[in-house]
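Peer 1: Chains as they are written, first to last, in this note's numbering: chain A, 1 to 313; chain C, 314 to 614.
If a hint is listed, it holds; no wrong ones were tucked in.
Only some residues are given here: those of chain A computed to face chain C with a beta carbon under 8 Å: (1) V18; (2) V19; (3) L144; (4) P147; (5) L154; (6) V161; (7) T168; (8) I270.
Which bits of chain C does chain A cover? Going by a derived footprint, with three or more residues having C-beta under 8 Å, they are: (9) 464-472; (10) 537-549; (11) 581-590.
By construction, these hints were calculated from the structure, which means they are not laboratory data. A virtual CB, placed ideally from N, CA and C, is assigned to each residue, including glycine.
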Amino acid sequence: MARYILSRVAGLLSVLLVVSIITFALMHAVPGGPFDARALEKQQMIPDNIKRQLNTKYGLDQSVWRQYFLFLRNAARLDFGYSLAYPGRTVVQIFKEQWPYSFQLGLLTLAFSILVGLGLGIISAVRPNSWIDHAGTAVSIFCLVMPSFVFAVLLQFFLSVRLGLLPTGGWDSPLNWIMPVLANSLAPVLVLQRYTRSSMRDAMRAGYVRTARAKGLGRRRIMFVHVFKNALTPVLTVGGPLAAGLITGSFFVESIFRIPGIGFYFVTAIQHRDYPMIMATTLVWAAVISTAYLLTDLLYALADPRVTLTKGT
Amino acid sequence: MDRPAVETRLTTESLSKKGAKGLRLFWLRFRRNRLAVIALCFISLEILIALCAPWLAPHDPYQGDFAATWQTPNSLHWLGTDDLGRDVLSRLIYGARVSLSIGVLSQLAIALVGLPVGALAGLRGGRVDYVLMRIIDVLSSLPVMLFYILLMVALGAGFGNLIIAMTATGWIGMARLVRGQVLSLKETDYVRASRAMGGGTRHIIMTHLLRNAMSPVIVSLALGIPGAMFAEAGLSFLGLGIPSPQASWGQMIGMYQAYIRTAWHLTVFPSIVLALTMLAWFLLGDGIRDALNTHAHGGTV
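Chain C extracted, bound-state conformation:
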């Protein structure tokens, strides 16, 4: 174990000596993690499929066919049909749109709320910090899944409401992370030096704090994507996520789970796709973390 670690460090150093910087250095490091590259390819493929859904889906995902209900996989319907005769493969392909965009959009929304709040608390300190932290303490005393469920019951099922619920719970962790980063960066030597040399607050925030606080934020967002997909799937499973005519993987599993004896294909295929996608996002997030070289704790437990 010791040897490869040393080797990696040496090559990384030689890379940075060659003048590889920023994104290029990141890519060179990232590329070395074979699993993460495979995961990236897998996810890119899925995004491509989701984007091209209207051309790729063999049938209309919403159009039922009462002459062809409950079919097991066959040459016309590769993954079979459901209780209304809708094509499972087409619903899976359209479901990719929902599941993937929930993951990405919710993380963007979380960053949009959590970043400024955390930065404000960390930079201002004092009473602002105290009040914000007390709010965060109280909100985090609720179990997360329970909070989601209560919010979704209050808001009602739907795509936009899912994003709102995830932001309402997710900004807490993000604000905490950013605040911690800002607090510890404020005390570093280079920030003090910059201030001593007359650097203004805006200069310090833009060049020193933002750039250095970014890596853990990016890692947390990348690992947050599978977490959000997990939550979407769970809520849709309970009937609180994506409402019926639309398709999402979790919802497909939840709706047809009771029929597993008679129509296994309705739940098994979405289950496999969901599990593989979660694995891919996790490996990708892990690869990004290693390439950024931060030691933020990964994974939502």
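One chain only, chain A, in its complex shape:
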């Protein structure tokens, strides 16, 4: 077990290294730097000597290799430097102040999608071809074809502009939370509902359920003891990465509803070519998601005694 975890952590670190190289290379592959982007936006020229000073200040005048190794050395100490788009704030500060918003949105979305996705999946599996099963299929098709930002815009239009029921944006009161959570939960509801349904159907057809029924066990007991336990462990494997994706924020939903989370800041960081912020966000995302995969695998092994962890998996 310890060896397995060690080898997985080593794999995780090498993935992070590769991700940092790819991101760094892509960021520096383009002509023009962050100051050009901002100058273009404000429609003014930056004099050459000032640009040179700025480049020296942020270390952008050094060779790409040196910049990368400096970045790596600092990143290892969790120091990502100053943001270029928000002068005076370090990247770590921005993360500390803005991530809680994304985190909260993610957790609320997760809770909502578990309720809806798992609920619909279980009921449709228990009562196939009932109206609720068909409703479940309709919901999953809706989630599949509706881009989250389109849904967000339509919600905003109908619920707040037309009917005036909810505020269009912000994050201050629970009323503000409803639309972002709905818009954000399309993908997780789809995944959870589909997996739960098919996994439940498989478990209900399994030999041990037939045996239990033949022994004359009650329907409720079969469901709770035999079906749920075996059907819901596979759902864990998609749930972990899903949760990780949710707590790292959403580009679209956060910018549409003006929620000051990490996704919102990332979108502005891209527009301003904010190298430190882009590098940090990419790495943190990759780290959170890879860690979630690792934790999910460990949890899965704990929950299901048939699974053994080997180096290859």
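Chain A is fixed; fit chain C onto it per the hints.
Peer 2: For chain C alone, coordinates are given in the frame of chain A:
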């Protein structure tokens, strides 16, 4: 549920007995799925509109009119005008060109790269396979949307760059799919029999592998089209896709989303069109999958 399934199987068998083969059999099966046929009609209509855009669009989609900015739908501008006085309906019609061609062209490019790479890995095996699979593993550890965004920041917004970015991320899945197909087909009895009877490598690839690996590839491409349109819309929404004078549905939604209180028509119409189109492509892909009778997993999640 059991009865219709049996019925379908019987009629399909009787169809193939009557001598319906290949495309004809596919069409006869496809036709039975009413939703997929409606979706096909819808998409054909959209393609027709996109092709005939210069004749159908009531106004010039790029020509602003400062006397007629921010108009809500009226008899002259059926879907209103935007901040520069450009006609929303005309921009929607021209936007169809961008959105549809991105979907189709990106899938063609993905097939062009992913098919040979996957086939090479599957057929050659050994070191070639090992190296290719490691590259694929690393690339797929990046979240897809993030990869798109980084690529588009590096390449710059634009139609061609969008196709490049989608190919750069999309070939991975395609190569994986083809490799898996080749590996499993290599071990089937008919390929072994063919080899035992002296069939050459080229003969086996052309007649056995290609033909049998095709259905899942076609299904994946068909379902990839709405995925690509989704990505284009998302990137254009963020301002990284189609640059401004040109129009695309996602870009229209993104640019005017902040004005939803004052000018709802600028975002609501493109949203509805985009959602309906996504639905149609998905239903069409689903119909193709059922008609081809493969069990490839559909849908991008």
